[in-house]
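J.: Listed below are the residues making up each chain.
Number of protein chains: 2
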Amino acid sequence: MKVSVLRIGHRLVRDDRVTTHAALVARAFGAERIYMTGIDQSVSKTVTGVAKRWGGEFEVNVIHDWKALAKAWKKEGGKVAHLTMYGINIDNAAEKLSKESRILVIIGAEKVPREAYDLADYNIAVGNQPHSEIAALAIFLDRIFKGKQLRKEFAGSRLKIIPSESGKEIQEVK
Amino acid sequence: MKVSVLRIGHRLVRDDRVTTHAALVARAFGAERIYMTGIDQSVSKTVTGVAKRWGGEFEVNVIHDWKALAKAWKKEGGKVAHLTMYGINIDNAAEKLSKESRILVIIGAEKVPREAYDLADYNIAVGNQPHSEIAALAIFLDRIFKGKQLRKEFAGSRLKIIPSESGKEIQEVK
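Chains A and B supply the protein sequences, listed in that same order. For the first sequence, this note's numbering assigns the number 112 to the initial residue and increments by one for each residue that follows. For the second sequence, this note's numbering assigns the number 112 to the initial residue and increments by one for each residue that follows.
Honestly, I wouldn't trust all of these hints.
Identical chains blur together in the list; that is why a pair holds if it fits in one copy or across any two.
The list that follows gives simulated cross-link-like pairs (lysine-lysine, DSBU-like), each with its CA atoms no further than 30 Å apart [what the hints assert, rightly or not]:
1. Lys178 - Lys279
2. Lys271 - Lys190
3. Lys279 - Lys185
4. Lys279 - Lys163
5. Lys222 - Lys163
6. Lys263 - Lys279
7. Lys182 - Lys279
Worth flagging that the hints you see were computed from the coordinates, not collected in a lab.
Bound-form chain A, shown alone:
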């Protein structure tokens, strides 16, 4: 399955670090790319810098019209999953979701416009409590990839961690 993430509603400066975390989670948990609107240059710089050092083919795409993007995605046969605390519990949808071939995951900042709910093929809740779109994205990707993303190898990385019980072991790949 191929997954892209669409981050909407980013507010300059205020959301920079949260959006950066969301992008890094998208990459580390197996998505192919993140689309972002209205971000500061520093956000995409940080994320592409990480992708360069740590490998893989993750893309950061800055876009202007997220509705046009989501509509085009659906027209090409992809599905849209919007993460919201108001949706259906992920555990009731995970099986169906893992049969899809292309999913665009929409995550919003504080207030998400009505159109996101309407455009979505799935409105998915990672629990019905208020928490964090970063956590919601992580659990969503964890469920649809069945935990395997945590062992994914990233091709072409310059750095590699050797898991350790007590300290930091890091390898430079030559």
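Position chain B relative to chain A; hints supplied.
T.: Below, chain B alone, put in the same frame as chain A:
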């Protein structure tokens, strides 16, 4: 199992939103409390406001000396799990962890002092890629609570969501 979260290394303003997300994830994913150092008042206000409206007994404790706290925790028989990309993969430790009765989960901001690694009974990686302490905390709690936290009911809530496929359904509890 009883779990508390300890957030260290918070940088004023810059980390406010990330720390708020971490605290809300701690609550929504079944921890009993979060200890935080050096936070802005607004962070604990937001979190206690959410806990009031959405129920449960979640506590926010602002502390000054996190090392003293972790040492006291261990002295009373509790275990300390530090989340770090350098650690042992969560899936290799989850079974052992779920047999513990009291866990203090340490999550840091950018750079974590050596003492955290040394104090920890477990240094746990949620994947060995850089991403987000919010995502790491969510997956950690998800694994040790085996996903059940997403269906937890919060006693005394004023608001309750009715899961919906397409919109927002919210109930005021009287």
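J.: Hint by hint, note whether the structure agrees.
T.: Now for the hints, and whether the structure bears them out:
Taking the shortest Cα distances, Lys178 and Lys279 sit within 30 Å of each other only across copies (20 Å), while inside one copy they are farther apart (43 Å). Taking CA atoms no more than 30 Å apart as the test, Lys271 paired with Lys190 passes between copies only; the shortest distance there is 28 Å, against 34 Å inside one copy. Taking the shortest Cα distances, Lys279 and Lys185 sit within 30 Å of each other only across copies (23 Å), while inside one copy they are farther apart (44 Å). Taking identical chains as interchangeable, the C-alpha atoms of Lys279 and Lys163 lie at most 30 Å apart only when both belong to the same chain, with a minimum of 21 Å there against 40 Å between chains.
Taking the shortest alpha-carbon separations for Lys222 and Lys163, only the inter-copy value of 21 Å comes in at or below 30 Å, while the best intra-copy value is 32 Å. Within a single copy, Lys263 and Lys279 get their C-alpha atoms as close as 20 Å, which meets the 30 Å cut-off; across copies the closest is 36 Å, which misses it. In this assembly of identical chains, the alpha carbons of Lys182 and Lys279 lie at most 30 Å apart only when taken from different copies (22 Å versus 45 Å within one copy).
Going through the hint list in order, the structure satisfies each hint without exception.
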